[in-house]
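Need the complex rebuilt from these two chains, each delivered in its own frame; the hints are there to steer you.
Quick note, the sequences are listed as chains A and B, same order.
Residue 344 in this note's numbering sits at position 142 of the first sequence, with consecutive numbering throughout.
Residue 114 in this note's numbering sits at position 89 of the second sequence, with consecutive numbering throughout.
There could be a bad hint or two in this list.
[As the list claims (entries may be wrong)] No more than 20 Å apart at the CA atoms, straight line, and that leaves these computed lysine to aspartate or glutamate pairs for EDC-like:
id, chain 1, residue 1, chain 2, residue 2
1, A, K323, A, D475
2, B, K279, A, D294
3, B, K261, A, D422
4, A, K296, B, E271
For the record, the hints were derived by calculation from the structure and aren't laboratory data.
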Amino acid sequence: MSWLEKIVPNVVRSDAKRGGGSKVPEGLWKKCVKCSAVLYRPELERNLDVCPKCEHHMRIGARARLNMFLDEANREELATDVEPIDRLKFKDVKKYKERLSTAQKNTGEKDALVAMKGELKGMPVVAVAFEFAFHGGSMGYVVGERFTRAAQVALKENIPLVCFSATGGARMQEALISLMQMAKTSAVIERLKQQGTPYISVMTDPVYGGVSASLALLGDINAAEPGARAGFAGPNIIEQTIRQKLPKGFQRSEFLLEHGAIDMIIHRRDMRDKVAGLLAKFTHKFVN
Amino acid sequence: MNLNYLDFEQPIAVLEGKIEELQMVGNANDLNITEEINKLRDKSNKLTESIYSNLTPWQIVQVARHPQRPYSADYIKRMFTDWDELHGDRHFGDDHAIIGGVARIDGKPVMVIGEEKGRGVQEKVHRNFGMPKPEGYRKALRLMEMAERFKLPILTLIDTPGAYPGIDSEERGISEAIAQNLAVMSRLRTPIICTVIGEGSSGGALAIGVGDQLNMLQYSTYFVISPEGCANIIWKTVEKAPLAAEAMGVTSSKLAELGIVDETIPEPMGGAHRDIEGMAERLRGRLSEQLDRLSSEPIDQLLERRYQRLMSYGNP
Numbered sequence: 203m204s205w206l207e208k209i210v211p212n213v214v215r216s217d218a219k220r221g222g223g224s225k226v227p228e229g230l231w232k233k234c235v236k237c238s239a240v241l242y243r244p245e246l247e248r249n250l251d252v253c254p255k256c257e258h259h260m261r262i263g264a265r266a267r268l269n270m271f272l273d274e275a276n277r278e279e280l281a282t283d284v285e286p287i288d289r290l291k292f293k294d295v296k297k298y299k300e301r302l303s304t305a306q307k308n309t310g311e312k313d314a315l316v317a318m319k320g321e322l323k324g325m326p327v328v329a330v331a332f333e334f335a336f337h338g339g340s341m342g343y344v345v346g347e348r349f350t351r352a353a354q355v356a357l358k359e360n361i362p363l364v365c366f367s368a369t370g371g372a373r374m375q376e377a378l379i380s381l382m383q384m385a386k387t388s389a390v391i392e393r394l395k396q397q398g399t400p401y402i403s404v405m406t407d408p409v410y411g412g413v414s415a416s417l418a419l420l421g422d423i424n425a426a427e428p429g430a431r432a433g434f435a436g437p438n439i440i441e442q443t444i445r446q447k448l449p450k451g452f453q454r455s456e457f458l459l460e461h462g463a464i465d466m467i468i469h470r471r472d473m474r475d476k477v478a479g480l481l482a483k484f485t486h487k488f489v490n
Numbered sequence: 026m027n028l029n030y031l032d033f034e035q036p037i038a039v040l041e042g043k044i045e046e047l048q049m050v051g052n053a054n055d056l057n058i059t060e061e062i063n064k065l066r067d068k069s070n071k072l073t074e075s076i077y078s079n080l081t082p083w084q085i086v087q088v089a090r091h092p093q094r095p096y097s098a099d100y101i102k103r104m105f106t107d108w109d110e111l112h113g114d115r116h117f118g119d120d121h122a123i124i125g126g127v128a129r130i131d132g133k134p135v136m137v138i139g140e141e142k143g144r145g146v147q148e149k150v151h152r153n154f155g156m157p158k159p160e161g162y163r164k165a166l167r168l169m170e171m172a173e174r175f176k177l178p179i180l181t182l183i184d185t186p187g188a189y190p191g192i193d194s195e196e197r198g199i200s201e202a203i204a205q206n207l208a209v210m211s212r213l214r215t216p217i218i219c220t221v222i223g224e225g226s227s228g229g230a231l232a233i234g235v236g237d238q239l240n241m242l243q244y245s246t247y248f249v250i251s252p253e254g255c256a257n258i259i260w261k262t263v264e265k266a267p268l269a270a271e272a273m274g275v276t277s278s279k280l281a282e283l284g285i286v287d288e289t290i291p292e293p294m295g296g297a298h299r300d301i302e303g304m305a306e307r308l309r310g311r312l313s314e315q316l317d318r319l320s321s322e323p324i325d326q327l328l329e330r331r332y333q334r335l336m337s338y339g340n341p
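Chain B on its own, in the form it takes in the complex (with noise of 0.2 Å):
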């Protein structure tokens, strides 16, 4: 087992590897073995586009949660260039589960934040996993109350398994930190785009999900609760998430139908893990068009349609 691919991508990877040989012993005998090689990667790629034009709801909540699936982190790296990481709620302490600073797309300055879970075991403990507590939150707040004051626009990028339930968190007000982002980025006069990357799990994803404009990628995930959550509590076991996975419609197909996302960004084929410097290329030009379109609306008429749209949900 190939622990680069998931499960139900073992085939890619028995045939990858099979191209992987082919290319050591050629290289070895300095045979002309490329039309092999083709010939195999063509197969590949014709597996792979047949195994994800058909995903379950399941398998790409696993795709979402790839372990080399880009992160915040490596779009930010990618999409923006003069970035400055600003830190710290000024309350308590700086959560590093959550990125934010300045930077520039296409030369226009913004507001980025972004959550981040960590590549590698000591930076997965660093970012607690992508678990924001509440001075994550409340860091996000203030620079989200920041980018008003100097007109830039906020970009933000989903990807948490969820606000972090421990004690501290509970301490310091989990709660009211999500509760308070909620209600003011539904009225911050500058326009906010907000796009799931990988994991959206219920209030510690929406805490920096309000805005004018939500993005999803097309293997991103979003849900009220984790289909392990959701399986425990009707089946009283986990093993049932896949059935919860479909049940909820988690992705961004279905969401798109239930009118809550705007736009689908379609990824590389496999996913965005197997082409990051294009995803990124294709998510920057995505965001920078949508901030253009936004950017020259009137802000009041922005603030209705934003408000508009939060009263909307749900409506038949």
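One chain only, chain A, in its complex shape (with noise of 0.2 Å):
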């Protein structure tokens, strides 16, 4: 067995098919979108889809980074009643209600955000995922309630909160809604930093609108996957604004660190020991 093989969870080293949210095509094969080698996927998801020639970070499903960040043992899944509803009656060119039908169909989730209160390394937390295959991850009534409940479940029980965020921002079928929902989960955040229940939030490519202006950017520790890219704007509306083009590397968690934005940047790999000896210190334990 290799070391990079110890390190993993059984329940990713395992070659078996994984639970939804994977939001890879069919076939054995994938091509990294960065540098074009081609995988092998059996090979590519035991090294968590972390391409092993250029190290890119691939997007992966809510469901995929929960399992492979929580330990195996007891695993509850939180605020699962929460669905989405379509209070405005949305229509463009589609209904939002298809859309909303299209998206569950293609990714077997009700909405964006999976949430699960679980164990790491032993130590009881709450972690919630957004999966971008839904609407681009992004933050409408059903994505900003279920953070807001585990939250809640991590302020009752005084328990670590992480949450890995992959998200366009705010999503506009939901209206001011969305909006309010910045607020709503920014306000339960605040409540875990006064009663000291720690916060980490991982930003994953891409973090950005509404939800980088909210609960990303609030953790006591702000952390990034490698070359993930998270702002408040996209970089096309920035181009747009400012007539110019945009340094190398904007916008990167590389740019994010460097500026000040972020505690550090968490290879894949590294994701369960780092945060694990962070909350251990945070909370006066030692991690198994």
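Rendered as structure tokens:
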């Protein structure tokens, strides 16, 4: 068994088909979007969907994310009863309702956030992950509400909260209800802070708009995966506004670290160790 | 085309032009044409009333962005006494897109924070067209935390096309600045009243928009993305902005229906810019009354209500 396999939890190590959410096309081979290397899928999955040639961190689904992060035992999904509502009866070229059911069919998820209570190396944690394949991971009522309920569990039981974000921002089909989810999630995070319950925010590619300007940058620790893009306004909007080309690496995690927005960049294979180590110190424990 | 009037207001502009002409003719020739003028004025008022009672959401967006619409500075001048402007975020600079300071309203000391678009080209540039950068939101936060220390209620005036999307904004952490305000405003131990006076665009508006009471002026607008931005994403053209405005429900009446806005403050016939004094007087009255009501509530109860309200957003 290689050193890498040892640190990867069993559930990911197995070649069995992973839980829903991973939007990798069927087939045994996958091309790396960054270096174009053709990769053998079982091998890629063993490597946590990080390209073994160039270390590019590929996008992964919410369930795959939580699977590789949490211990296998004692997991419990939270706020599963929260479902999308089309309060505005939003319709553009398509009905929002239709868009929702297409996204649900494609991802197997009800909406763009999965929340779980579980353990990280034996320490109780609440962990949430965005499903980017669902409507660009956009935050509407369900994402805001599930995040908030998960945070309330963390608050009530005084156990740390960890969030993996991957999102284009607020969901415009829910208009101002989406915007208000920013205020809602920020308010519950502030309660965690006042109580001294740790909140770690890990940004994964990409994190923009309303999510970046609320829950993603309010962590006691803000972290990002290598090469992840995160910012308030998308690069196109900025280029249109200032009419100049953006510098190379703009809004990548290395840029965020350099400008003091995040504490650290965490490689996917180190995620469990690093987050567990931080939380153990914050809660005066030792990692198993 | 009269540029002081929006395109759907042009019939009113024609009538007002005629009235002006008649007045000039009358003055020059000593003729008594009062009756004629009164008739036309009556007609113009009726026309304004009929146009304004049927505004589409997109037309309301245009009124909210009217170049003559009163801005924060216009209200501050008229609604408060004893105004002291305070400057700077103590870290980087002073952002002119956000005005902050202490003042009195009906004798009561308050902290005032307002987004300011600026009038005239030079001032608009100085104010960055009302698009705050991180230092603007951090100045606002500094002043709001000061307000808590001195038990001053906070009044915010929202009017922005959005937080500034630029390289420097991102470098200095615009997302974090907005997020921090949302978090802290949810727990500040002093009443907070937020009023959208013009354009409430997305996170840049919400960043001074969390509180105990949310007011909207009748023809102001509040959205998660500008109708142009929404149209550009969905229809790939800004031409469809009217449809986007319709679909997103960007008006005070729609947002009151959704339970997000507490009070719609009526505007003078034809919009706030037709009678700035009257509008400022009415707003002052409403704010003063709301202030008395919120200040009389025990602070813990007020904070719990603020929190529960935040938690309820979007609930069926």
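Evaluation of the provided hints:
1. Between K323/A and D475/A, the direct Cα distance comes to roughly 9 Å. Compliance with the 20 Å bound is thereby established for this hinted pair.
2. Pair hint K279/B plus D294/A holds up; C-alpha atoms about 18 Å apart against a cutoff of 20 Å.
3. Only pairs whose Cα atoms come within 20 Å are accepted, and K261/B paired with D422/A is rejected, the gap being roughly 39 Å.
4. Using a Cα cut-off of 20 Å, the hinted pair K296/A and E271/B holds, with the two alpha carbons roughly 15 Å apart.
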